[in-house]
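Protein chains in written order, with our numbering: chain V, 1 to 331; chain W, 1001 to 1164.
Take the hints with a grain of salt, since some may be wrong.
Counterexamples of contact, computed for chain V against chain W with all Cβ distances above 10 Å [stated by the list, open to error]: (1) Lys-6; (2) Phe-21; (3) Phe-230; (4) Leu-242; (5) Lys-253; (6) Phe-254; (7) Leu-263; (8) Ala-324.
A partial selection of chain V residues facing chain W, derived with a Cβ cut-off under 10 Å [as the list claims (entries may be wrong)]: (9) Gly-229; (10) Ala-234; (11) Ser-255; (12) Ile-268.
With a straight-line cut-off of 27 Å between C-alpha atoms, the simulated DSSO-like cross-links for lysine-lysine are [stated by the list, open to error]: (13) Lys-107(V) with Lys-153(V); (14) Lys-1080(W) with Lys-51(V); (15) Lys-270(V) with Lys-1123(W); (16) Lys-256(V) with Lys-1055(W); (17) Lys-3(V) with Lys-1123(W).
Honestly, the hints are just simulated from the structure, not real lab data. We put the beta carbon where it would ideally sit given N, CA and C, even for glycine.
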Amino acid sequence: MKKRGKGIAVSFYGTGYGNGFPDVSTATIRLEDEGKISISVGATEVGQGAKTVLSQIGSEVLGIEIEDIVLINEDTSKTPDSGTAAASRQTYNTGNAVKIAMESFRKKLFEESKELLGLNTSIGLETKNKEVYLKMFPQKKTTFKEIAQKLKKQKRRLEATESFTAQTTEMDPETGQGAPYWPYTFNCYGVEVEVDTETGKVDIIRALCAQDVGRAMNPTMIEGQIDGGFAMGAGYALFEDLGLKEGRIKNNKFSKYIIPTALDLPEIEKFIIEDPESTGPFGAKGIGEPVMIPVAPAILNAIYNAVGVRILELPATPEKILQAIKSYGKV
Amino acid sequence: MINIKLNVNGKDYDLEIEEDLRLIDLLRDRLGFTGTKEGCGEGECGACTVILEGKTVNSCLLLAIQAHGKEITTIEGIGKEDDLHPIQESFLENGAVQCGYCIPGMVLSAKALLDKNKNPTRKDIREAISGNLCRCTGYEKIVDSIEKASKILQQRGSESHEQL
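Using the sequences provided together with the hints, build the complete structure.
Below, the structure written as structure tokens:
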């Protein structure tokens, strides 16, 4: 017999290193010869979209197209340290560093523009389309390229380096109390499963994922992260088992260590919840790890709802589910 | 050593190879088609997928000799960087790529599907890429991309029909 059940789970997750550990990202912004703007950060791209998001943040501050940004990363001889691509921290931490460095760079750019345009002050200067212009008299303007050419003649470089340090406090070692992380990311997932009471097999037939993101920098990539997190969580809940025996991994190949295929997953309904974080770059927070967390508990709750058994050890394989159904004497 | 003839991405090759050379090694090491990725090396992950006579195969499981007299398409034969295939364009447009390692295989599985079935359902698409494992994307954006590419290809097909 096939039985259906629904389950939900909520989670909150502190991003960054936390617990008082210094969590620092540094970014360097430079005006390049042709008037392009380079961002140097030691942030690693592993497919999560750090390069895209950091370029977006930088281009937003200067009002330029993303194509006018040259992003230099993953080369420690050329970039400052921006910490690890871990702890779901790059968008928030390095994103903040890029934003602050770009704002600092813009001030310097305005000072150069002031000299070049023969102005009294840099007040009222703005940037758009790789131009610096006076808001009250837009004909008074220069271009990034002109500024770059002037600097090249003078053998000078225009650059700004700034760091961002996340605010974290250490927990009390005696009581374990405190506020170890900032910020936190929240989510709530719901799934519907169908459990075959004869074979113990679980099919996920519906999934709804609501994810708080602060501000959605790049909705398509956020959806991609949610999809991927759901797949990892589903594999963790139902299939994936290293099979450690005396310190050795028994399931050391894909024929034994089963990860979900496209056929094992339902269509995932995604809801991006925006509630800008005041300390985040344009309000954004990290979601890399959070998107994975509620999946397994939601699935296990749905299994309970379907067949009345609590699975307490992952993965919830057909054998374990059948065993649990038998010993509970239910269904 | 043994002589084989085969056609890769429209070009004929006449080669002398070791009898036990795998197809993936011929493609990558001898012919330089490094877009074909080796993942597990035992036919489970699909990263090394190529199209052989219209069908997808795991190039890590085939001996190069088995490709004698046959036509092979690798990712290099699908499109060039400045002239992408609609499937590749669609993958880029719709956020289908994260780390990218499975993507050449995914694109080839998609190509083999759309060559046979011009208007696949999402279930058909999931079936077609079920031999290609992906650890990053959860497959959904890849399914979206293949579905959208099928629409673009159908539209182009009907347009070129009208021109005739």
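Beyond 10 Å from every chain W Cβ - status for Lys-253(V): Violated, since 6 Å does not exceed 10 Å.
Since Leu-242(V) was said not to touch the interface, does its Cβ keep a gap of more than 10 Å from each Cβ of chain W? Given that every Cβ of chain W is farther than 10 Å from that of Leu-242(V), nearest at about 15 Å, it holds.
Are all beta-carbon distances from Leu-263(V) to chain W longer than 10 Å? For Leu-263(V), whose nearest Cβ neighbour in chain W is about 5 Å away, the distance does not exceed 10 Å, so it is violated.
Any Cβ of chain W at or closer than 10 Å to Phe-21(V), or is the non-interface label fine? Holds, since 27 Å exceeds 10 Å.
Is it true that the CA of Lys-107(V) sits at most 27 Å from the CA of Lys-153(V)? At roughly 21 Å apart (the allowed maximum being 27 Å), Lys-153(V) and Lys-107(V) satisfy the hint.
For a C-alpha distance cap of 27 Å, please report whether Lys-1080(W) and Lys-51(V) respect it. Judged against 27 Å, a Cα distance of about 23 Å means the pair holds.
Classify the label on Ala-324(V) as holds or violated, using whether its beta-carbon is more than 10 Å from each beta-carbon of chain W. holds (28 Å)
Minimum Cβ separation between Lys-6(V) and chain W greater than 10 Å? holds (20 Å)
Please verify that the nearest CB of chain W lies beyond 10 Å from Phe-230(V)'s CB. Non-interface label on Phe-230(V) violated, nearest chain W Cβ at 5 Å vs cutoff 10 Å.
Hold the hint about Ile-268(V) up to the distance rule: shortest CB distance to chain W must be less than 10 Å. holds (6 Å)
Separation of Phe-254(V) from chain W, once the least beta-carbon distance is taken, above 10 Å: Given a closest Cβ separation of 4 Å, the condition is violated.
Would you mind confirming whether the straight-line C-alpha gap from Lys-256(V) to Lys-1055(W) stays at or under 27 Å? With Cα atoms ~26 Å apart, Lys-256(V) and Lys-1055(W) stay inside 27 Å; holds.
Hint compliance for this structure: hints 3, 5, 6, 7 are broken, all remaining hints hold.
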